[in-house]
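Produce the complete structure using the sequences and hints provided.
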Amino acid sequence: MKEFSVPMALVDYIPVAFFALASSILAKDLKDKMSKVEYGAFAGGATLVSFAGFFKATYKLLYALGVGDFLWMSNQFFSNQSLGFLMAGIGLTLYAVKPGNKTYAFLPTMALVGFMVIGAAGMDASLAYIASKAKKKNAMVSFIVSFFLTMMMGYLSSRDFDKAFMNWVAQFVNIFAQGLYYVGANILHKAGLKDL
1 MKEFSVPMAL VDYIPVAFFA LASSILAKDL KDKMSKVEYG AFAGGATLVS FAGFFKATYK
61 LLYALGVGDF LWMSNQFFSN QSLGFLMAGI GLTLYAVKPG NKTYAFLPTM ALVGFMVIGA
121 AGMDASLAYI ASKAKKKNAM VSFIVSFFLT MMMGYLSSRD FDKAFMNWVA QFVNIFAQGL
181 YYVGANILHK AGLKDL
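All residue numbers for the sequence shown refer to my numbering, where the first residue is 1 and numbers rise by one.
Take every hint as true, because none was put in to throw you off.
With a cut-off of at most 25 angstroms between alpha-carbon atoms, the simulated BS3-like pairs for lysine-lysine come out as follows:
no.: 1; residue 1: Lys190; residue 2: Lys31
no.: 2; residue 1: Lys33; residue 2: Lys135
no.: 3; residue 1: Lys194; residue 2: Lys135
no.: 4; residue 1: Lys136; residue 2: Lys98
no.: 5; residue 1: Lys190; residue 2: Lys135
no.: 6; residue 1: Lys137; residue 2: Lys194
no.: 7; residue 1: Lys33; residue 2: Lys190
no.: 8; residue 1: Lys28; residue 2: Lys194
no.: 9; residue 1: Lys98; residue 2: Lys135
no.: 10; residue 1: Lys136; residue 2: Lys194
no.: 11; residue 1: Lys137; residue 2: Lys98
no.: 12; residue 1: Lys2; residue 2: Lys163
no.: 13; residue 1: Lys31; residue 2: Lys98
no.: 14; residue 1: Lys33; residue 2: Lys136
no.: 15; residue 1: Lys133; residue 2: Lys194
no.: 16; residue 1: Lys98; residue 2: Lys194
no.: 17; residue 1: Lys137; residue 2: Lys31
no.: 18; residue 1: Lys190; residue 2: Lys28
no.: 19; residue 1: Lys33; residue 2: Lys137
no.: 20; residue 1: Lys33; residue 2: Lys194
no.: 21; residue 1: Lys190; residue 2: Lys136
no.: 22; residue 1: Lys135; residue 2: Lys31
no.: 23; residue 1: Lys28; residue 2: Lys137
no.: 24; residue 1: Lys133; residue 2: Lys33
no.: 25; residue 1: Lys31; residue 2: Lys133
no.: 26; residue 1: Lys190; residue 2: Lys133
no.: 27; residue 1: Lys98; residue 2: Lys28
no.: 28; residue 1: Lys98; residue 2: Lys133
no.: 29; residue 1: Lys136; residue 2: Lys28
no.: 30; residue 1: Lys31; residue 2: Lys136
no.: 31; residue 1: Lys98; residue 2: Lys36
no.: 32; residue 1: Lys133; residue 2: Lys28
no.: 33; residue 1: Lys36; residue 2: Lys133
no.: 34; residue 1: Lys31; residue 2: Lys194
no.: 35; residue 1: Lys28; residue 2: Lys135
no.: 36; residue 1: Lys137; residue 2: Lys190
no.: 37; residue 1: Lys190; residue 2: Lys98
no.: 38; residue 1: Lys36; residue 2: Lys194
no.: 39; residue 1: Lys33; residue 2: Lys98
Don't read these hints as lab results, they were simulated from the structure.
Just so you know, these numbers come straight off a predicted model, no measurement behind them.
Below, the structure is given as structure tokens:
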């Protein structure tokens, strides 16, 4: 039996909200600077990650409330999150390194882990690079620490998430990871990322 509680499920929405808000800020600021392919990959990937997290948190809430065990809402998480991070990472990397720039379930688990690592690394490294160019070291540090906390989530995901303790540990690590992503996005936004 899974040890999900209503408070645990509600807390699980916090990193989802941080990630979605930060990605929205970045997408709005970068939309006019990115090509359609870059923007589509970033926005589409970030949306996929956000929905994956939302459905996973909703799964826990429905389970905790005794509504039902909608396993598909949980099972979709890893493949959709991995593909989403990969897409978002590719979009930001293409934007960050282009010349003249101044500023699924059918896949093996290890391939999904690779997608997530490559995607998260591409996103956070590109954002740290942009922050460095904007001379916003605090944003750069936020993105770097966010990346390492996201990688810690990969390790934690190999633990038994049916137990309440591991779920709480993972949720707080994820809150800090996505909170730092949000902080970095806000710093860049306030620094005028749209006009850089």
